[in-house]
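Number of protein chains: 2
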Amino acid sequence: MTATATARRTVRVDLGDRSYDILIGPGLISAAGREIASRLKGRKIAVITDAHVAPLYLGGFMGALQAEGIDAVSLVLPAGEKTKSFEHLISVCDSVLAARIERNDAVVALGGGVIGDLTGFAAGIVRRGSRFIQVPTSLLAQVDSSVGGKTGINSPHGKNLIGVFHQPDLVLADTDVLDTLSPREFRAGYAEVAKYGLIDKPDFFAWLEKSWRDVFAGGEARIEAIATSCQAKADVVAADERENGQRALLNLGHTFGHALEAATEYDSARLVHGEGVSIGMVLAHQFSARMNLASPDDARRVEAHLGEVGLPTKMDQIPGGLPPAEKLMDAIAQDKKVKAGKLTFILTRGIGQSFVADDVPQSEVIAFLKEKLPK
Amino acid sequence: MTATATARRTVRVDLGDRSYDILIGPGLISAAGREIASRLKGRKIAVITDAHVAPLYLGGFMGALQAEGIDAVSLVLPAGEKTKSFEHLISVCDSVLAARIERNDAVVALGGGVIGDLTGFAAGIVRRGSRFIQVPTSLLAQVDSSVGGKTGINSPHGKNLIGVFHQPDLVLADTDVLDTLSPREFRAGYAEVAKYGLIDKPDFFAWLEKSWRDVFAGGEARIEAIATSCQAKADVVAADERENGQRALLNLGHTFGHALEAATEYDSARLVHGEGVSIGMVLAHQFSARMNLASPDDARRVEAHLGEVGLPTKMDQIPGGLPPAEKLMDAIAQDKKVKAGKLTFILTRGIGQSFVADDVPQSEVIAFLKEKLPK
Ligand SMILES: NC(=O)c1ccc[n+]([C@@H]2O[C@H](COP(=O)([O-])OP(=O)(O)OC[C@H]3O[C@@H](n4cnc5c(N)ncnc54)[C@H](O)[C@@H]3O)[C@@H](O)[C@H]2O)c1
Ligand SMILES: NC(=O)c1ccc[n+]([C@@H]2O[C@H](COP(=O)([O-])OP(=O)(O)OC[C@H]3O[C@@H](n4cnc5c(N)ncnc54)[C@H](O)[C@@H]3O)[C@@H](O)[C@H]2O)c1
Ligand SMILES: [Zn+2]
Ligand SMILES: [Zn+2]
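So the sequence lines, in the order shown, correspond to chains A and B.
If you're matching positions, the first sequence starts at 14 in the numbering used here and goes up one per residue.
If you're matching positions, the second sequence starts at 14 in the numbering used here and goes up one per residue.
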């Protein structure tokens, strides 16, 4: 217990009267009842989770709530990106309303980024905004999606095109639960950890190159990597909650990544989000080199590190073939980061020196993609 | 043209960097292209309307946009309260995305409160918030629903239970279009006009008792009544955008009204929103008298005026029968204005002296409803 208390870290997201804490450390699922009861006025909770997480953690989580006298109901949805749909949004809203969750009660997302994005969106629209607690169980959700208030679902027109900004009231990141995550999903989340280094923390990236095995193994290094990532995200969000400026840097690797996710029809057997981001970050560094903004050595260093941890770094590692460059370009153009027809891209001048480029010529991107696409 | 310019009124809704204008007057549909073009950076618009409004005003509105070089697409939905559903929300989102509406472009609601609430909700969630213009064509929408940023749809659990706050960027209230509104719908909107008097403007209510025939006839008195109503709503919204306090006063008559709408299954053949509000306002005054808060004379005065203009004032005027008091109570309890199980009601001490009552006993409400329900 003393070890737990020492190991636990708290990152505060500073947003005036909507500020909230991210608790990071081992054993937080068992401690969830206490942490929630001490912060919540109401005594009712609706827990949304998925079919992979439910058998592992739902029982323990509900037990922790009951121990504190919190009345909880739960809804288990299918696992996977396809769950971020209107169909499941409707069932979440319906469960929350059926449970008569009122203003001081809360909706909880227990799961990865899919459950977090979907549940946060539902919490944001039920009664025009209900209290919301994130209990992220994937590495990606702990270091990225559970922090910052972006919520949403996918549309046939593209990823995350429908949603709201709705900040959580609390984030509980239990670092123990990552042990049951598949190695592939852990690596995918790790791509986002590396991203924070590549955005503006060259020393963190260098530390990861040295210490990644410890991060994968668990313990202090893992907690450190997660806390550093959450702090990085919290700083950006506090400075630019609605993504009018610098928050866009968090999309490093994502413009290409989202296009690849669309091209593989969000089929997680072929590509998961973090893998798309991994390939996308390598492409962003290569494209920056091609535009004479950065040295090709930096792109090679990024590719080497991500490759070493076992992440895909090239489009030809995606099974099942990809559409031609022009089609990928269409997906990019329909992405959110487009203003009055001009392409906005996150490019870089080197490791930890990324920036928002506002008018990247489409023709250059198409030519670059043609070069890189498997023949 | 000079007459038009003189008659036009502008009410400003003061919300910091989200402030916007409500333009009120004749001929605003034909002038829409000019008013929008001078305010909008983008050049694309998606217009959402319904099957009653489309044949009357969609052509003129699209023409006015085209004359200013604005590229517009339109979607026509079925008319009526049932259109405020997830099903139609999905089609609006889909049309807006298919039209590739970007950050500087806009979504327009051309219609009554149903189209305004649904379209505003879609605008609030597409790309996590798109620009939004209200062109309200019913009296109710002009004096109430188009102002203040509440948007949403209905759920099987109750009215307006799903939605967001999303302020419009502009409201264009063309007072000419009210001439084609059915007398029944005009009267329904008039209930909300009278509401502003009953909330805190006894002089306005007295003026309406005297001048209502002129308001119904059109011209200056109508513009005056609409501008006074918009100003009243704008003041409340500016003081309490998110309904944490005084904005709740706008719900005078609505707690009973919503329960009646639910009981008649949102069937507009039996009851439209404003009619529910009319009966609800009479009930709120009668209930206040029963609680010894106000004189029964005030309730009689409200009933007399609303009855004189042709609005229903008693539950037994609703065709088709109503459920028992306990059932109505359930609908009231599931309404948004419930905190930790206690009933919040808008009650009154007399004409223009309404207030928020936080702990109205359920038993009193049930006893009162039993008395008032048709035997
Ligand atoms: N809102 C944001 O700011 C933001 C940021 C980044 C990504 N995202 C979104 O996040 C989603 C990806 O998140 P993700 O990678 O967590 O996906 P996910 O939620 O699908 O989780 C990945 C898989 O791991 C399983 N899982 C989760 N926790 C587990 C555990 N502890 N043990 C065993 N299995 C577990 C899940 O059931 C799922 O099968 C994408 O939809 C992406 O768009 C959102
Ligand atoms: N958002 C808010 O703050 C707020 C406030 C009050 C009411 N509302 C909502 O507004 C809705 C009621 O609005 P409403 O009464 O405008 O209903 P509505 O939109 O259904 O319009 C009433 C009828 O009049 C028709 N119509 C509209 N304009 C016309 C015109 N100029 N000529 C001929 N026919 C016309 C419509 O097609 C419809 O058949 C309800 O859903 C209610 O919940 C919202
Ligand atoms: Zn990501
Ligand atoms: Zn109303």
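Hints may contain errors.
Which copy? The list can't say, so a pair holds if one copy fits it or any two copies do.
[Claimed, not checked] Straight-line distance between alpha carbons at most 35 Å, and here's what the computed DSBU-like set of lysine-lysine pairs gives:
#1 Lys327 to Lys223
#2 Lys57 to Lys95
#3 Lys57 to Lys327
#4 Lys340 to Lys383
#5 Lys57 to Lys340
#6 Lys340 to Lys54
#7 Lys214 to Lys383
Bear in mind the hints are in silico, worked out from the structure with no lab data behind them.
Where does the structure disagree with the numbered hints, that is, which hint numbers, in rising order?
Of the numbered hints given earlier, the structure breaks just one, which is hint 3.
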